[in-house]
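Novice: Sequence:
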Amino acid sequence: MSINSINGTNVVSMMPRRAEMIFPALKDVEAYWEGLRNGRPIPSRGDIDPRGMQSALEYAFILERIAPGVARFRLAGMHLTDLMGMEVRGMPLTAMFTPEARTQISAALEAVCETPNVTTITLKSSGGMGRPALEAQLLLCPLKSDLGDVNRVLGCLQSKGDIGRQPRRFDVVEVTTRDLLTDMPATVQTPAAKTPATEIPGFVEAHRPRETESRATPKSAPKAAVPFLKLVSDNDA
1 MSINSINGTN
11 VVSMMPRRAE
21 MIFPALKDVE
31 AYWEGLRNGR
41 PIPSRGDIDP
51 RGMQSALEYA
61 FILERIAPGV
71 ARFRLAGMHL
81 TDLMGMEVRG
91 MPLTAMFTPE
101 ARTQISAALE
111 AVCETPNVTT
121 ITLKSSGGMG
131 RPALEAQLLL
141 CPLKSDLGDV
151 NRVLGCLQSK
161 GDIGRQPRRF
171 DVVEVTTRDL
181 LTDMPATVQT
191 PAAKTPATEI
201 PGFVEAHRPR
211 ETESRATPKS
221 APKAAVPFLK
231 LVSDNDA
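As numbered in the UniProt record's numbering, the sequence shown has no gaps in its residue numbers, which increase by one up to the final residue, 237.
No lab work stands behind these hints: they were computed from the structure. Warning: the hint list may mix true and false statements.
What the hints assert, rightly or not - Heads up, simulated DSS-like pairs for lysine-lysine below, C-alpha to C-alpha not over 25 Å straight-line:
1) Lys124 with Lys160
2) Lys27 with Lys160
3) Lys124 with Lys27
4) Lys144 with Lys27
On a predicted model such as this, the values are computed, not experimentally measured, just so you know.
Using the sequences and the hints, build the whole thing.
Specialist: What follows is the structure, encoded as structure tokens:
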């Protein structure tokens with residue numbers, strides 16, 4: 001159990017300990033990343049050896065930040081492929097999230113690379129026909145490129161429950177960050193209530209409510225409201 005800071009007040013959070021029990025792969029990947037630091041704020045991409053996190057490879061991935069708030073998969077474990085029903089290599093991380101959550105994920109990516117910090121995001125995927133509800137957690141840890149820029153991310157995404165019909169996309173429940181330069185206590189952010197978002201073609205299945213208009217209403221009137229561990233690679237250096 002840990003004490004986290006929310007908007008300047010201290011609250012006791014049970015989430016970290018519960019998460020360690022439900023999502024052990026995140027703990028393994030973060031511990032491996034911490035070991036690579038060796039007194040440095042941020043380890044290098046070249047330090048990564050998949051054998052060091054063998055037990056979590058199914059859930060691990062490496063991102064390349066290609067623009068502010070945008071990062072694509074360079075390496076990805078098979079669990080991510082199972083969640084999406086397709087190979088995720090080359091896809092943006094935000095493709096695994098609902099339109100409402102993508103802004104939050106982009107902001108988290110920027111903070112990981114620019115602050116820098118380690119971010120853990122609690123996720124959920126709503127249930128539906130052929131899709132049981134899923135709980136999940138996402139870990140994002142910054143890495144330096146060979147040139148010294150912080151534009152790589154070592155991550156882990158583990159879900160609990162039957163995946164069901166794919167693709168599965170997630171909403172953000174809670175974001176916890178830890179500043180690496182100041183060693184400030186973890187900060188927890190809870191998203192505000194959802195607001196309608198513009199759908200991005202190719203990234204989300206459309207579920208549009210039908211708009212009907214009474215014939216008696218004049219036209220000028222307004223309308224009514226896999227267990228095998230495998231790492232997929234594109235030969236990232």
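Novice: Which hints from the list above does the structure break, by number from lowest to highest?
Specialist: As far as the earlier hints go, not one is violated by this structure.
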